[in-house]
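**Student:** Using the sequences and the hints given, assemble the complete structure.
2 protein chains.
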Amino acid sequence: MEVFQTVSSLQAVLTNLSGSVGFVPTMGSLHQGHLSLIKKALEENTHLTISIFVNPTQFEDPTDFEKYPRSLEKDLSMIATIAPKALVFTPAVSEIYRNKITAGFYSFNGLDKRMEGNSRQGHFQGVAAVVERLFSIVNPDRAYFGEKDYQQLAIIRHIVVQKKLSLAIVSCPIVRDKSGLALSSRNARLSKHHLEQASLLFRSLKQARALYLDKDASTAQHHVNQLFSQAQEWTLDYFCIYDEITLREIDNKKTENVRGFIAAQVGEIRLIDNLSFSLI
Amino acid sequence: MEVFQTVSSLQAVLTNLSGSVGFVPTMGSLHQGHLSLIKKALEENTHLTISIFVNPTQFEDPTDFEKYPRSLEKDLSMIATIAPKALVFTPAVSEIYRNKITAGFYSFNGLDKRMEGNSRQGHFQGVAAVVERLFSIVNPDRAYFGEKDYQQLAIIRHIVVQKKLSLAIVSCPIVRDKSGLALSSRNARLSKHHLEQASLLFRSLKQARALYLDKDASTAQHHVNQLFSQAQEWTLDYFCIYDEITLREIDNKKTENVRGFIAAQVGEIRLIDNLSFSLI
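Here the protein sequences come in this chain order: P and V. Counting in the working numbering, the first sequence runs from 1 upward without gaps. Counting in the working numbering, the second sequence runs from 1 upward without gaps.
Read the hints as simulated data drawn from the structure, not as lab findings. Because the structure is a prediction, the values reported are computed rather than measured. Any given hint could turn out to be false.
It does not matter which identical chain is used: a pair holds within one copy or between any two.
Below, in silico cross-link-like pairs of lysine-lysine (DSS-like), each with a Cα-Cα straight-line distance of 25 Å or less [claimed, not checked]:
#1 Lys85 to Lys192
#2 Lys163 to Lys253
#3 Lys113 to Lys39
#4 Lys85 to Lys163
#5 Lys113 to Lys148
#6 Lys253 to Lys74
#7 Lys254 to Lys39
#8 Lys67 to Lys85
#9 Lys113 to Lys253
#10 Lys40 to Lys74
**Tutor:** Structure representation (structure tokens):
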């Protein structure tokens, strides 16, 4: 494992490689979800680059950015275990944004309007800016993203098409704990009490899926609303059933490329999850 | 250059390669447009595979399939000159479709409904079937397509997302002759007289672009209609200004990711072309 802090030192090594390069961009605080991306990237490429960079432009609130969990030493030791030949890029903010910290003005064709875009204005502009910058630094053959942040994945795919970037976006399924809770760096901030309740999101999605396929979207929606109205410590932010490519309402009873999305808050922590509602 | 007729012989070589594989799928009758794809693929990858396969499932009419120009020897000698290490795959129809010649039932989310989809029902189902089959055989890191067949490109990008395929789709600009005519295997079938008039498509697009950016879409549309009503041997099939990612009507005066598309018939030959109408 080699660790690089600067663009120039990383690129000096990257330009001399032959073969394909897989890239796993992360904000650190690695968990099994990240490791599944790293394993897939190792399988599919000759070389692997992993970035650890907490990106300021995707946080609305500077305090959130500062509070975001960081565990660089632990992250590096996890990487050393499963990917001992990885090139790890841990740049300072100034290395990524040079003189000015600004996000781009991307046109997302409506993909950023709903769900996470509703409650986190500007978030996806920041994601797009950092992802495009990292792609241009690493120039990978394939970049790996988890389906946990499904809207982010859809937006990144959109940018690749819009900007005609020459890399493949590979998505990996959500990794869950035994209770069904989707792994997330934020889970560490849940109290034991709330952690025990947090499988509610996945349970809601599974029940909604069955109702959607058996009956219809409004029956599923009604059921999820009821589940959350009975869960006193929880506030449902949204539950929606969308076309998983366009992230728009579905016209009729679609049974392929349809997906349920949910966001809810418990205590001070906001969690998100999603599940394919397709038949196959 | 090595030439393979069977999936098994090609794969025996492909599985032992290390490094990235670029893939240029063609129907043969290679021209400078194909060569630009091959050159880009050579630059961006360790290895290169080129397929030459006239795909029956994308022709509506069996006679069209039989009439499609074939020039395997000339194609191979062109490839040998610019890509002497290429792996060339020239399968028989039975090798690609095994027992049955059927196209898949893909959901294209409306991308196949307009323009070429209107006049060539089932065409894109056939394109999707063969492209997915070729991708699964070659398993490339990047596949290269010309912007000449822009709707095909949009549909292939859609399939990659929908099926979560792990490759990058790279598009290359249209290559034109001195008159501005977009290169196409079909141009060989134009009479000298019609060939001299064929720059009308590109000229229309350029004038429409200027009118769109100066004034609006309907002024551009009106002008193209007029140009073709004055061109006695030509029949305009469609001219449209669409969002180049969704291939749908644009809401307002868009200046990015907008593109003009045209199809027209002269004599027995139908030609298509397109041009970015974006500001930058």
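**Student:** Of the numbered hints stated earlier in the document, which are not met by this structure?
**Tutor:** Violated hints (numbers, rising): 1, 3, 4, 6, 7 and 8; every other hint is consistent with the structure.
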